[in-house]
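From first to last, the protein sequence lines are chains A, B, C and D. For the first sequence, the residue numbers in our numbering are 193 to 438. For the second sequence, the residue numbers in our numbering are 193 to 438. For the third sequence, the residue numbers in our numbering are 193 to 438. For the fourth sequence, the residue numbers in our numbering are 193 to 438.
The hints are simulated quantities; they were obtained by calculation from the structure and are not laboratory data. Some hints here could point you the wrong way.
Intra- or inter-copy, both count: the list cannot distinguish identical chains.
Pairs of lysine-lysine, PhoX-like flavour, derived with a Cα cap of 25 Å [to be verified]:
hint, residue 1, residue 2
1, 421, 214
2, 229, 214
3, 428, 270
4, 210, 300
5, 300, 282
6, 304, 421
7, 229, 282
8, 270, 229
9, 210, 428
10, 229, 210
11, 239, 428
12, 282, 210
Protein chains: 4
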Amino acid sequence: MMSNPIRVLVWNEGRHEKKNPKVQAMYPNGLHDAIAKPLREAGFSVKTATIDDPEHGLTEAALAETDVLTWWGHIAHKEVSDEIVERVQKRVLDGMGLVVLHSGHHSKIFRKLMGTTCDLKWREADERERIWVVAPHHPIAEGLGEYFEIPREEMYGEFFDIPQPDELVLVSWFQGGEIFRSGCCYQRGRGKIFYFRPGHETYPTYYQREVLQVIVNGVNWAAPGNSPKLIFGNHKPLEVIMPHEG
Amino acid sequence: MMSNPIRVLVWNEGRHEKKNPKVQAMYPNGLHDAIAKPLREAGFSVKTATIDDPEHGLTEAALAETDVLTWWGHIAHKEVSDEIVERVQKRVLDGMGLVVLHSGHHSKIFRKLMGTTCDLKWREADERERIWVVAPHHPIAEGLGEYFEIPREEMYGEFFDIPQPDELVLVSWFQGGEIFRSGCCYQRGRGKIFYFRPGHETYPTYYQREVLQVIVNGVNWAAPGNSPKLIFGNHKPLEVIMPHEG
Amino acid sequence: MMSNPIRVLVWNEGRHEKKNPKVQAMYPNGLHDAIAKPLREAGFSVKTATIDDPEHGLTEAALAETDVLTWWGHIAHKEVSDEIVERVQKRVLDGMGLVVLHSGHHSKIFRKLMGTTCDLKWREADERERIWVVAPHHPIAEGLGEYFEIPREEMYGEFFDIPQPDELVLVSWFQGGEIFRSGCCYQRGRGKIFYFRPGHETYPTYYQREVLQVIVNGVNWAAPGNSPKLIFGNHKPLEVIMPHEG
Amino acid sequence: MMSNPIRVLVWNEGRHEKKNPKVQAMYPNGLHDAIAKPLREAGFSVKTATIDDPEHGLTEAALAETDVLTWWGHIAHKEVSDEIVERVQKRVLDGMGLVVLHSGHHSKIFRKLMGTTCDLKWREADERERIWVVAPHHPIAEGLGEYFEIPREEMYGEFFDIPQPDELVLVSWFQGGEIFRSGCCYQRGRGKIFYFRPGHETYPTYYQREVLQVIVNGVNWAAPGNSPKLIFGNHKPLEVIMPHEG
Chain A
193 MMSNPIRVLV
203 WNEGRHEKKN
213 PKVQAMYPNG
223 LHDAIAKPLR
233 EAGFSVKTAT
243 IDDPEHGLTE
253 AALAETDVLT
263 WWGHIAHKEV
273 SDEIVERVQK
283 RVLDGMGLVV
293 LHSGHHSKIF
303 RKLMGTTCDL
313 KWREADERER
323 IWVVAPHHPI
333 AEGLGEYFEI
343 PREEMYGEFF
353 DIPQPDELVL
363 VSWFQGGEIF
373 RSGCCYQRGR
383 GKIFYFRPGH
393 ETYPTYYQRE
403 VLQVIVNGVN
413 WAAPGNSPKL
423 IFGNHKPLEV
433 IMPHEG
Chain B
193 MMSNPIRVLV
203 WNEGRHEKKN
213 PKVQAMYPNG
223 LHDAIAKPLR
233 EAGFSVKTAT
243 IDDPEHGLTE
253 AALAETDVLT
263 WWGHIAHKEV
273 SDEIVERVQK
283 RVLDGMGLVV
293 LHSGHHSKIF
303 RKLMGTTCDL
313 KWREADERER
323 IWVVAPHHPI
333 AEGLGEYFEI
343 PREEMYGEFF
353 DIPQPDELVL
363 VSWFQGGEIF
373 RSGCCYQRGR
383 GKIFYFRPGH
393 ETYPTYYQRE
403 VLQVIVNGVN
413 WAAPGNSPKL
423 IFGNHKPLEV
433 IMPHEG
Chain C
193 MMSNPIRVLV
203 WNEGRHEKKN
213 PKVQAMYPNG
223 LHDAIAKPLR
233 EAGFSVKTAT
243 IDDPEHGLTE
253 AALAETDVLT
263 WWGHIAHKEV
273 SDEIVERVQK
283 RVLDGMGLVV
293 LHSGHHSKIF
303 RKLMGTTCDL
313 KWREADERER
323 IWVVAPHHPI
333 AEGLGEYFEI
343 PREEMYGEFF
353 DIPQPDELVL
363 VSWFQGGEIF
373 RSGCCYQRGR
383 GKIFYFRPGH
393 ETYPTYYQRE
403 VLQVIVNGVN
413 WAAPGNSPKL
423 IFGNHKPLEV
433 IMPHEG
Chain D
193 MMSNPIRVLV
203 WNEGRHEKKN
213 PKVQAMYPNG
223 LHDAIAKPLR
233 EAGFSVKTAT
243 IDDPEHGLTE
253 AALAETDVLT
263 WWGHIAHKEV
273 SDEIVERVQK
283 RVLDGMGLVV
293 LHSGHHSKIF
303 RKLMGTTCDL
313 KWREADERER
323 IWVVAPHHPI
333 AEGLGEYFEI
343 PREEMYGEFF
353 DIPQPDELVL
363 VSWFQGGEIF
373 RSGCCYQRGR
383 GKIFYFRPGH
393 ETYPTYYQRE
403 VLQVIVNGVN
413 WAAPGNSPKL
423 IFGNHKPLEV
433 IMPHEG
């Protein structure tokens, strides 16, 4: 367990906010600001960064001081530098937690860590989403009921081209007939990754209590502990190699 | 996260200690005392119970006040009352954590929760055991190195007749040629279960730092949170059932 | 791979058919007859049995000649003999496949193998069910599309109190707002278990092509191969125990 | 199930054979020839390819005619073209099976599909390896005993930096004190991937019966079936979107 506050870096592409008045009205200080606020209130130490910051705000120094990175991106995935994606991957494998939100499913970093296309079905039709907990024992379900609803959201539907989650925590029902694996946990190296579906930029999703609770839970779950240091390469045997009698 | 100390009940069969001078010498106040001590030092609120206590020390009241139950048994599994085993199972499904130690693999409660025989291979030959971490990201690996060794232990070997673990954290190497899935995590209902292999009654295993660290980690991991209350049975639909056009 | 036809025993409680004219009209020769027919057409060697047969039709001899057992029960779970349930469990652990259908979720044998209550939510309201494939790579998805629909079915909803499936293949969407893990794979001992949700006794579900395809696939998947014989108990070390230098 | 023979492409780097007399003596026609022979005897339709073939022998046409690709590489991973690696990945996601052997753990294709470094410990010391089956129910264990031994092999040790396997089938014990997850199953898209540890180029490993049995089993398991065609992108709702009453 960590005694100091978990250090969270809330990363947001930040482009919709520059172009779309509807998004500006919904998230006047950017999606990152809306996501950062409840994390601060939960007691985390929170910074934010966007794609247009130098090195996308993901310098070696910034990442070294980050326990958990949250990621929201959509229309500018391709503009994220490959070199910086590799840097983030390296930090995740070394233990930094990663919480990928909504359209971040198509980000370079998530696809790189999954090894798949992360493609899915989608529809924008103001549909009701009902999110069911299928792993009530899991820390990410902390403080939730059996399900919660989002009145209007973009639909995401299966097949979601991801590896089978290590742990499947949440499954969404959509009004138009689809289901979706909405809360998915993965391990990569010493790091933990949580994908969480909701959060279309034109809806007030990131102001909804249950959604924020899940993000807080995801950060707590993904935060690194004092895990074993890993050594690779040529390895000496147990004192003396035991005699071979084959 | 729990603000109050996690309440642990350390259950020990306690029969070897009554019969075997070697065990008495190694664990003069019983295995439960040795296991309880480091848990108290870790800040948990700890009680102990043995098979010869009234209702095996597992009354409804005792279980209601227990967050995590640890279980060590060996020669008297059959003497544990079926009714009390069902009571413990019910509490686990309702969220109480369970940490099963060593020969507890053959306890009624573990077999009931697994649905399998939980049979394995074994040998008592003073062998060295080397326990490797295969899930460095996992909270149960907290504070460990890549592996640790127990100088002399009883061997347990595969095939271990358990369901595939939800998460496999530790794998043992034995001098005589076997491997064993030694740290296994399961979910059942709202409860979490951790099986941890070491702890033959004639060895000083429960005085070894790394072994105690794993047990402390296991208790922390298995402790219940504020998880969703579960409702079963006849369920009303979303407000009105939507019209059927099939 | 098996060269001879897979031997399937289709077990059906068979009580609804004796009492309910609606079920009699739907399945005039019993649910077992409807389920057996497409399995025969798929090339399996198929027998049937019901609860009212001697020893429920599950004699040692009958089980010894069965590669895969399919199970449908509902109102008489409690009448199934505990001794015979243990017999079936033993055969599953020794390799016999088990395909559990619909209300069989509450059968003694399924609950015994799962270690949980297998409780769920339900509703009878003529709702549409849409079943999505979330594991397209899996042999149980063979020959299906991305989803298929059942025009009218009983609803089953989460939380479904089962262990996390080893592989989750199918997830249902229901008109009234629920989702359900409808196709779940498990391993127990040398045996494989597949739970498949659909099949309320008053609907023509077991005449629907996709449903039958899934049952055929489930039998193929669960059929035993030439798997390792398992040995338990005291085990000799690798030739000589290697010297101990600890 | 496939009626026609499974079409296997055995890919081998083929560089050791050109330089190292020891390897030439052991595998006079190349590792690919040794691996292809038992696959042909098992009834598969087998072709081979090496890194020095045009497009590494992995043309679009060649991959289109391949059901399962097996991969052995070691010293020239970096020379494999990124473009061709992407081509292979695409085919795997579309259903082609992939069996990765030994030092192929560090191949670009395996690392790309895993999302991790796939680093490990190793040692060349003529050690005995004992490979245990921990999933006796699995088709990849078909025809094996509880374990088999390789008299002399290179050691690979944990931590092996891979995602947690969907199914862990084999675990190795090494004389010098290590264990290793030696048989690991994964799903990616519609494709199945099997990693199998043994096969250092200077040992007669690929002439050993049990090793060949596992490779044959791996090909059978990884072969694609008639799995659902996947559709991604904008998706129409169930007939009419149901009215929103939120």
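Structure-based check of each hint:
no. : hint         : result
1   : 421 with 214 : neither (47 Å within a copy, 37 Å between copies)
2   : 229 with 214 : within (21 Å within a copy, 58 Å between copies)
3   : 428 with 270 : neither (44 Å within a copy, 27 Å between copies)
4   : 210 with 300 : within (22 Å within a copy, 39 Å between copies)
5   : 300 with 282 : both (13 Å within a copy, 16 Å between copies)
6   : 304 with 421 : both (23 Å within a copy, 24 Å between copies)
7   : 229 with 282 : neither (28 Å within a copy, 40 Å between copies)
8   : 270 with 229 : neither (28 Å within a copy, 45 Å between copies)
9   : 210 with 428 : neither (57 Å within a copy, 30 Å between copies)
10  : 229 with 210 : within (20 Å within a copy, 59 Å between copies)
11  : 239 with 428 : neither (43 Å within a copy, 39 Å between copies)
12  : 282 with 210 : neither (31 Å within a copy, 35 Å between copies)
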